[in-house]
Structure formats: C-alpha cells, structure tokens
Amino acid sequence: MAVMVLPLRGARRCARRSCRSASGGARIQKRMVFVNEWCSLLCTGGMPEGRDFSTVPRTESERVMPRPSSPLLSPEIIGAAGLELSRAGEPFGVNAIARRLGVRPSSLYNHVDGMDGIIELMRGRLIEDYRVGPGEGTWDDFLVELLRRQRQMYADHPQLVPLLIGKTITHPAVIAAYDDLATVLVDGGFPEDEVLTVIAIIDAFAIGFGLDLASPDEVWEPGEGTRTLGRVLEGAERGTARADRTFELGVGLLVDSLRARLRR
Numbered sequence: 001m002a003v004m005v006l007p008l009r010g011a012r013r014c015a016r017r018s019c020r021s022a023s024g025g026a027r028i029q030k031r032m033v034f035v036n037e038w039c040s041l042l043c044t045g046g047m048p049e050g051r052d053f054s055t056v057p058r059t060e061s062e063r064v065m066p067r068p069s070s071p072l073l074s075p076e077i078i079g080a081a082g083l084e085l086s087r088a089g090e091p092f093g094v095n096a097i098a099r100r101l102g103v104r105p106s107s108l109y110n111h112v113d114g115m116d117g118i119i120e121l122m123r124g125r126l127i128e129d130y131r132v133g134p135g136e137g138t139w140d141d142f143l144v145e146l147l148r149r150q151r152q153m154y155a156d157h158p159q160l161v162p163l164l165i166g167k168t169i170t171h172p173a174v175i176a177a178y179d180d181l182a183t184v185l186v187d188g189g190f191p192e193d194e195v196l197t198v199i200a201i202i203d204a205f206a207i208g209f210g211l212d213l214a215s216p217d218e219v220w221e222p223g224e225g226t227r228t229l230g231r232v233l234e235g236a237e238r239g240t241a242r243a244d245r246t247f248e249l250g251v252g253l254l255v256d257s258l259r260a261r262l263r264r
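Just so you know, we're using the UniProt record's numbering here: the sequence shown kicks off at 1 and counts up by one.
There could be a bad hint or two in this list.
Unchecked claim - Computed Cβ-Cβ distance ranges for the label pairs, DEER-style:
id	residue 1	residue 2	range
1	V219	E128	27 to 35 angstroms
2	T168	N95	21 to 29 angstroms
3	A173	T226	29 to 37 angstroms
4	T197	R231	48 to 56 angstroms
5	D244	D180	36 to 44 angstroms
6	T183	S257	33 to 41 angstroms
7	M115	D187	35 to 43 angstroms
8	Q152	I175	16 to 24 angstroms
9	M115	L72	14 to 22 angstroms
Simulated from the structure, these hints should not be mistaken for laboratory data.
All values reported here derive from a predicted model rather than from experimental measurement.
Just so it is clear, CB atoms sit at the ideal spot from N, CA and C, and this is done for glycine as well.
When you get a sec, could you build the whole thing from the sequences and use the hints?
Spelled out as structure tokens, the structure:
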C-alpha cells in the first residue's frame, strides 16, 4: 500500500490545480463579459434604471441590450426640460435638468456648452412657441402682433428675462425671427441704418410691458401725503385690466411714432 501513496497524492494535487485553472478561466471570462457590457453602455450614453451590474450576465440574451426607440437626450429635449422647470418656479441648472431627465449631469455636456448653452436652447424654444411669421399684412400689422406675442412671452417667464438679455443671441430660430423683423421693416420703408435702432426699441417695449403684465395687482401703495398720485389711483383700474389698457395705449403711441418717422 505504501507504494500507492505518492501517486495518489500527486493525482489529488493535479486535480486541485485543474479545478483552480478552470475556475480562474471562468472568472476571467466573466470579467471580460462585464468589461464588454460597460463599453457598450458608454458608447450608447447611459445605463437603464434598475440594471444590476454587481453580477455578470451569464447568457447571450442578457448581454444584448436594445437601444431606446427615441433618444434620451437632445438639445431640444434639454431646452424643453429647462423651460418646464422654469415655468414651475424651480431651479433649471445643469444638475436640476439632469435630475428631471433621469441622466447624469455630465451627459448633458455632450449636447450643450454649459449653462450658457442651456439658456440659448430655452430662448430658441420660447421663440418657436411665440413666434410671429411674416404674413401678407403691412409692417405695422406685423409689429402689433409681434409686440403682443413677445409681451405675453416675457410675462409668462419673468425669471428668464435677466438671463436672456445678458447673453449674446446665437440660436438659429431666434436669429431667423429677428431676420424676419428686419426684413419687414426694410420692406416697409425704414432706412437700413435705422433698422437695428427700431428693433432695440421694440425689444425694450416688449420686455417692459411683459414685466408689467407679471407685476402685482397693486403696483403703487403711496399711503398719505402725495399731491396727485393717491388721488388718481382711487379710481384707476388694477391688475390685468390696467396692464392691458396701458399696453394697448403704448402700442398705439409707438406705432404712430414710427409711422410719423416714415413720413419725414
């Protein structure tokens, strides 16, 4: 029996080595599958919710991940999400938009150049929602409708006004809208060297009356001691009625002034 001891022990050692080699190869294969899975996800730009990567998929069907039928992110989707947050009175920075869309903040930078880019996308989306296309009417008809739309746009988004006026306009839809306005003014007879001045006046008018529409019902509360203001406020309109009446009067004054300038 002693003659058989050494061969038996050697056989056991060989068996253990074979098992370790087989299990090690299986572990390496699983790790390779795991790495391939991660590379696939990085190429598609994200990972689905509920996916557990603590274990390695064992079947081919588990490893094949279908692409989403529609893109998770695009400039249009990011701009729309920013506007939704803004309208709800919530923060609309990169982190907030990422949470809204269920993605990582870093993934937004594949589509936008930081907060400035997001603001410009929001501006473009606003113009698409409130834009006035050049019709067959006269320049003053176009201008009156433009002022009404822009006033409502700024009134609906007063918190965006400081951000919009502080950024250079680059969005193609916004540039196209300003090009429409410039073309209408030139076709209406305004000298080209005055067109930008008229556009600036129109912008300031729309922004001011948009903020006025968003103002509280009681704009002034003078108390006692005024010579005239308190008296004229007693019978004055308030709220939307006051804002609408003031706007229509202002539109009439502006358009009449521009018509008079054309006749000079």
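Hint by hint, here is what the structure shows:
Here the CB-CB span from V219 to E128 is close to 32 angstroms, well matched to the stated 27 to 35 angstroms. Checking the proposed 21 to 29 angstroms range against T168 and N95 shows it holds: the Cβ atoms sit about 24 angstroms from each other. The beta-carbon spacing between A173 and T226, approximately 47 angstroms, falls outside the hinted interval of 29 to 37 angstroms. The hinted window of 48 to 56 angstroms between T197 and R231 is violated, with their beta carbons roughly 38 angstroms apart.
Taking 36 to 44 angstroms as the suggested C-beta distance range, the pair D244 and D180 does not conform, at roughly 26 angstroms. As the Cβ distance of T183 to S257 is approximately 21 angstroms, the hint placing it in 33 to 41 angstroms is violated. Between M115 and D187, the C-beta spacing of about 38 angstroms keeps the proposed range 35 to 43 angstroms intact. Taking the beta carbon of each, Q152 and I175 are about 21 angstroms apart, inside 16 to 24 angstroms as hinted.
Judged by the Cβ atoms, the range 14 to 22 angstroms given for M115 and L72 holds: they are separated by roughly 20 angstroms.
Of the hints listed earlier, those the structure fails to meet are numbers 3, 4, 5, 6, in rising order.
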